[in-house]
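Chain by chain, the residues run as shown.
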Amino acid sequence: MKKLQKSTNSLISIVGVFLATMIFGALIILMIGKDPLLAYSAMFSYAMGDVSAIANLMNRSMALILSALCAAVASNAGIYNLGGKGQIELGAIAAAVVGYKLVGLPLYIHLPLCILAAVVMGILGAAIPGYMRVKWKVDEVISTIMLNSVFFMFTSYLANYPFRDVTRWSGTTPPILDSATLPYLVKSIDLRSGIVFALVAAAIIYWILNYTNQGYRWKMIGLNPRFAQYGGVNVGKDQMKAMVLSGFLSGLAGAVLVCGSNYRFWEAIAGPYGWDGVLIAMLAKNNPIAIVAVSFVFSIFKNGALGMEQVASVPSDLTGVLLAALILFITGREFVSILFRRRKHVILVDEEVKQ
Amino acid sequence: MNLDFILDVLGTGLRMATPFILAGLGGLISLSAGDLNISLEGFMLIGAFFAVLGSYLFESYLVGIAFALMATVIYGLLFGLFTIRLKADVFVVGIALNLLASEATVFFSRLFFNVRGSFSDPRIQGIPNIHIAFLDNVPILDQLFNNHSAFVYISWVMIFIFWLLIYRTPYGFYFRAAGEHPEALGTTGIQVNKIRWIANVICSVMCGLAGAHLSLGYLKMFVEDMTAGRGFIALSAVIFGGSNPITMAITSLLFGLAEGISLRIQNMGIPSQFTLMLPYLTTIFALVFRAVRKSRKSTTLLTSIATNEPETKGE
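The listed protein sequences correspond, in order, to chains B and F. The first sequence begins at 1 in the working numbering and counts up by one. The second sequence begins at 1001 in the working numbering and counts up by one.
Calculated directly from the structure, the hints in this document are not laboratory data. Treat the hints loosely; a few may be bogus.
To be verified - Mimicking EDC-like on lysine to aspartate or glutamate, the simulated pairs with C-alpha atoms at most 20 Å apart in a straight line are:
1) Lys302(B) / Glu1224(F)
2) Lys1294(F) / Glu1180(F)
3) Lys285(B) / Asp1089(F)
4) Lys302(B) / Asp1225(F)
5) Lys302(B) / Glu1103(F)
6) Lys1294(F) / Asp139(B)
As the list claims (entries may be wrong) - If you want the footprint, here are the derived chain F segments under chain B, 3+ residues with CB under 8 Å:
7) 1090-1099
8) 1278-1286
Stated by the list, open to error - On the chain F side, residues computed to face chain B include the following (Cβ under 8 Å):
9) Leu1086
10) Glu1103
11) Ala1104
12) Leu1111
13) Phe1112
14) Val1115
15) Ser1118
16) Gly1229
17) Ile1239
18) Val1292
Idealized CB from N, CA, C, for every residue including glycine.
The task is simple: from the sequences and hints, build the whole structure.
Written as structure tokens, this is what we have:
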């Protein structure tokens, strides 16, 4: 019961923050002399107006959800993976290369091979900083940020030199074969099946985190690694497992991007998904169900941007500004709620924040 | 591979290192005060945009620099508001501010200049190059050190100013104490948060200078996301070089050199990705090297337990 009340409270405050962001955006739109109501209605109708708009929303959300799950699984276990961007790129190029190089395989062998290649590369990309953290205590926040750039350069090299599509002007691999593409879920409205992967992954992660021993151990480590250690948990091993799962998810995101949506690799393919995923995971407090919801909100903003520009001639980049504002408002909201709590809670929250 | 080519690459390296040095000095202060600012990238981008805006509006590079500094300081106050006042996680705020900078500069450039991608205009006045007359007749030094943008020289002076600030004034001590043992600093009667605010403003100012140098130093234009990872390279230089401005600056010079080499060999058709990777790779290796050495030293049970600190607090 208490739990229910807590989650209603947090829902109310999320809605409040969302409204505050919309009002902030409306003020900006007013300042540049445009009509906010028109802009917003255009944004929402463009993003959710009809079936194909909804399908489009799903298509955009699939990689976002996977990328956010990748960040969430790791930080839930007290180890940060900010390297989703680089790992998704590694996974994507693996899927793309396997997808166009292996000729003559049937779909049911070729496609799983692509996904397998992507997942292996994603795991590799996450296991390196994970191993460095567990073995030598190298700060994984820094190493994953640095590896983002390393993997970006590496995949950019691969896409520009050995696996380059010579008919294109720069930085892409040739299109993958039909036998490597994910089939459509509903062809007529352009709904791709990647969203199924994302939702199933979210459900499985939710189950692992809440109903398994492993999930319990991760949560324990995330809350207090020393306590977990004294309680007999092998912190290093479990954190390594979390990183591997995290890398698995980012590899899957790469595969879904290439096989299910872009059909080839290009430089910085994970550009919009890597950091957004980290932010979504933080906003959703690593809860997979909330991640799905927040990802949809992100996608509504991003997909609706074009509508806002076409109908109300508000520059589409405003939505990016609004998303950043949303994140800042949410981080600020915690402070506001601290003010209303009792003193002993203040101390608790302070400690949480310090962590 | 003749001498001219080598000098050219070295000169380019010196030039390329400037934004790393400027932003790195700021990042170094913020790191030692305990808030690792991972949004150096965003701060530089804001600085770069407002430098162009100011220079375009008033046809003066000085106004451009003033605009850049004002904008980044306001941005820094925002960072401080969230991290110091509201005690939000520095990484969340850092990532959010990176995102905000990249989106807001595009939004503003469409609003003010009505363009996407890049903006250049004859009205934009760049920061002048400094011509040192007596170097004209010295063959090698002339090629290396002469005719750089003013900020290149300013950044070299800044290294020593920061060295003095950190090692010869009490503030250097306060910054480190605020990062490493805030409670201890608090008991001496110094307000920890005030020190953090000061560090934060210094960091913003330096990033503003770095940004102004990027957009007004050589190019005289603003390009969408023109920082292109330079903030992260500056961050690596800070982590690699530690809290000493001189080692940080040397690291920046090496990273600048790597970028200079990439630029040249790219023109020759050789893949530049691997040289561009070098700053990040060397930083990772340095982190591993340092960590391995440290873990050999301390093998007690307590320290071997994985701690849950999201940030490194200086060395």
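Let me make sure I understand: some of the numbered hints might not hold for this structure. Which ones are they, in numerical order?
Hint check: 13, 14, 15 fail, others pass.
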